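Generate the whole structure from the sequences, applying the supplied hints.
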Amino acid sequence: MDEINRRLSNCFRIVFPDLPESDIGAAKQSTLREWDSVTTIALVNVVEEEFGIQLDLDYLGELDSFEAIAEHLKTAHSLS
Amino acid sequence: MKLTDAIKIMNQGPADGIPFPVTLACGFSPLHVQTFLAAQLQKTLPERKIRVQTGLYGNLAGTIEGMIPPESQAAAIVLEWPDLDPRLGYRQTGGWGPSDLADILVHSERMLQRLEAAIQRIPSSIKVALCLPTLALPPVFFTPGWQASEAEMRLCRGLLVFAANIASLPNAAIVSRQQLDEVSDPATRFDLKSELFIGIPYTLSHSYQVAAALGRLIQPFAPKKGLITDLDDTLWKGIVGEIGPDRVAWDLDSHNQIHGLYQQILRALAEQGVLVAIASKNDPGVVAKALERQDILISSDKMFPVEVHWNAKSGSVERILSAWNIGADSVVFVDDSPMELAEVKATHPGMECLLFPKSDYATAAKFLRQLRDLFGKSKVTAEDAIRLDSIRQSAALQQMVEEGGSPPEAFLAEMKARITLDFQGAGADPRVLELVNKTNQFNLNGRRYTESDWSRNLDDPNNFVVSVAYDDKFGPLGKIAVLRGKRIDRVLHIAAWVMSCRAFARRIEFQCLRVLFEHFDAEAISFDFIPTPKNGPVQEFFAGLSDEKPVTAVRLDRKTFDSRRPALHHTVTTNLEPIAI
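Note that the protein sequences, when read in sequence, are chains Y and P.
The letter at position 75 of the first sequence is residue 75 when you use this note's numbering, and the numbering goes up by one with no holes.
The letter at position 186 of the second sequence is residue 1186 when you use this note's numbering, and the numbering goes up by one with no holes.
Bear in mind the hints are in silico, worked out from the structure with no lab data behind them.
On a predicted model such as this, the values are computed, not experimentally measured, just so you know.
One should not assume that every hint holds.
To be verified - Below, computed lysine-lysine pairings styled on DSSO-like, alpha-carbon distance capped at 27 Å: (1) Lys1302(P) <-> Lys1438(P); (2) Lys1008(P) <-> Lys28(Y); (3) Lys1438(P) <-> Lys1345(P); (4) Lys1366(P) <-> Lys1345(P); (5) Lys1002(P) <-> Lys28(Y); (6) Lys74(Y) <-> Lys1193(P); (7) Lys1345(P) <-> Lys1281(P); (8) Lys1366(P) <-> Lys1002(P); (9) Lys28(Y) <-> Lys1193(P); (10) Lys1302(P) <-> Lys74(Y); (11) Lys1379(P) <-> Lys1438(P).
As the list claims (entries may be wrong) - To give a feel for the contact side, a few chain P residues facing chain Y, derived at Cβ under 7 Å: (12) Lys1002; (13) Leu1003; (14) Thr1004; (15) Ile1007; (16) Met1010; (17) Asn1011; (18) Lys1193; (19) Phe1197; (20) Ile1198.
Every residue, glycine too, gets a C-beta built ideally from N, C-alpha and C.
In C-alpha cells form, the structure reads like this:
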C-alpha cells in the first residue's frame, strides 16, 4: 500500500469506524449504507485535514469511492 | 479542535452511557456544528452518551416549534440572517434593491417575534443556548459597506430586543458576540462556495468556535469560589512596609490605576459571593492601617481571612482553605512574585495561580477579564451576598469546636437557630440544583445532575425535594442543604443529600432527618450513599449513628436515630402540613 492509500485509509477509519479493515480499499458510496451525501462532506474535510489541502467542491460528486478519492489526490493535487 | 479529532472523540463516547440528547436548531446544513458540538459535550460529559439531533433545513422556526423533544437536555440554536429573511442570504435571489428593504425589515421583525414565542415555549427543564448571527450581512443595503444604514440599524435593534428578551429567560443563555469575535476572525468565517454548493456557510474553524461556545453554555465550567490575593505590588502599588500605608497607591493620577481596577473587580466578585482573602508577607500593623484607608476600593470587611505575617504563603493558603472549607481546585491565588506562586503551586497543585501583571498593560486587560471568566455565573442569588458572613460565623464556631471538642450545649441552645424546610418550591429553585452540583464534602454520593435530569419525575407525588434554610442570632446562612428522595410505603429513599460546609457543627443534618421522620411518619430512611474521596463528613455522620463508616447504601430506622441523635435546639418551620400515611 502506498503512502497516499495508507493515509487515506486512516481517514476512512475515522469516518467509518465500523467498516472492516479489509473493506476499506474497496469502499464505495453505492455499496456502503453509512456513506451518504452528508458523510461525503465529513470525509472530504477529514481528508483535507489529513493531507493539508483544499479539495474543490466542484468534484464532490466524483469523490464516491476510496479509489476515486485516491486517484483525485494523485492527479489533482500531485500527491504521491 | 480539528474535525478529525472531533469525530474520534464522538466515536469514543460510551455506547451504554446515560443518553444526553441535545437538539441543534440551525437553518443551514448543521453537519460540522453538529459534530463539534457533540465532541465538545462529550469532552465535558465523558460518561454520558451524547446525541445531537438536528431539525429541518431552512426552517429554523419550524424546528424550534415542533422538533425539540421533551427529553432533550438542551436546545442549541444557531441563528443566521437568512433565518430572518431569505433575502439576507446568498442562496435565494429575492431582491437586494432599495424597494425591498422595508419588506425585509417587516418580515425579519415578524420572524423574530415568532422565534421568541417558540423559544419561550420550550420547557424550562431544557437549557437553551442561542448564538446570534455571526456572519456579515450580504450587500443588501444601498449604502457603501463602511456606512451603517438606517435599515441595518433597525434590523440590529430588532435583533437585540429579541436577544435581551431571550436572555431574561431562566433557562436561556446567549453566546457572547464579543468573545466569539476574539477567537474566530470575522473575516474568515464565511465560505461562499461551501454555502452555495453544500449549504454550509461556516468555515470549519468557525463551526468549531460556534459549537464550542454553545457547548460551554449548555454545560458550563464550575466557577471558582475563592480568590487569595497578595498585597504589595498587587492589591496596591508599592511595598507598604517600606513606604508606609499612606503612600501605597492605586489611582489614575499616579499611573497605578491597574491596581485600582484590580481592587474594583475584587469588590465586584465579593459582591457576587466570591470569597476573597489576603496572604501577604508583611507587618500586620502596617497592613491594617493601609486597609483602613478611606479610598481603598474593597473594604477590609470584604476580605477574610487576612493572613499577614512573615511565614510561607503556602501555610497561609492552607489556613484560608481550612477557614473557607473548600478545596484548592476551587480557588485562585494572585501574586506579583513568580517565586511565591511556585511555592503555593507546589503545595496546592490544583490551585489556579496567576501572576499579577503589574507593568504589562496588554496582559492586565486580559487578566481582568480572565478573573471574570473564572468566577462568572449566570445568576447572583441572595445566598451569594451573605456567604462571607456565614463563613466568619462558621470559622468562629469551628474554632470553638477545636478548642473544646464541640460547641458547648448552652452555646448551641442560645444561638436562637431557626431552620426552614421548603417542601413546595425547592424542586424548581435554581439555587437548589446549584448547591447539589457544587457541594463535595457533605454530599451523599457526589452525583451531579443536569437541569433536565434534576427536574425529571418531580411531578410524581411520591417524590420530594426539600431545601433547608438556616439563620441564627448571628445572621442568616441562607439555603444550605437539600434532600431529594422518594417515599415508598413508610420508608424514605434519599437519592441526594447535600449540606454546605458553612453549616457544619450546628446539628442541622440531624434536624433534617428528624423532620423527615416526623413529616412523613417514616419508620426508616434508606440513603443512596456512595463513598467519594471528598465526602468524609457524610461518612463521619453515619459512623456516629452506627459506630462504623459505611461503604455502601445505608438504612437508618427511626428508633436508632432517635436514641442516638444529639439534643436539637432549633426552631423548625415547614411549609407543609404533616402527611398522614
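Hint by hint, here is what the structure shows:
| no. | hint | verdict |
| --- | --- | --- |
| 1 | Lys1302(P) <-> Lys1438(P) | 22 Å, holds |
| 2 | Lys1008(P) <-> Lys28(Y) | 22 Å, holds |
| 3 | Lys1438(P) <-> Lys1345(P) | 23 Å, holds |
| 4 | Lys1366(P) <-> Lys1345(P) | 21 Å, holds |
| 5 | Lys1002(P) <-> Lys28(Y) | 25 Å, holds |
| 6 | Lys74(Y) <-> Lys1193(P) | 23 Å, holds |
| 7 | Lys1345(P) <-> Lys1281(P) | 17 Å, holds |
| 8 | Lys1366(P) <-> Lys1002(P) | 26 Å, holds |
| 9 | Lys28(Y) <-> Lys1193(P) | 25 Å, holds |
| 10 | Lys1302(P) <-> Lys74(Y) | 68 Å, violated |
| 11 | Lys1379(P) <-> Lys1438(P) | 15 Å, holds |
| 12 | Lys1002 | 5 Å, holds |
| 13 | Leu1003 | 5 Å, holds |
| 14 | Thr1004 | 5 Å, holds |
| 15 | Ile1007 | 5 Å, holds |
| 16 | Met1010 | 9 Å, violated |
| 17 | Asn1011 | 5 Å, holds |
| 18 | Lys1193 | 6 Å, holds |
| 19 | Phe1197 | 4 Å, holds |
| 20 | Ile1198 | 6 Å, holds |
Checked against the numbered hints given earlier, the structure breaks hints 10 and 16 and satisfies all the rest.
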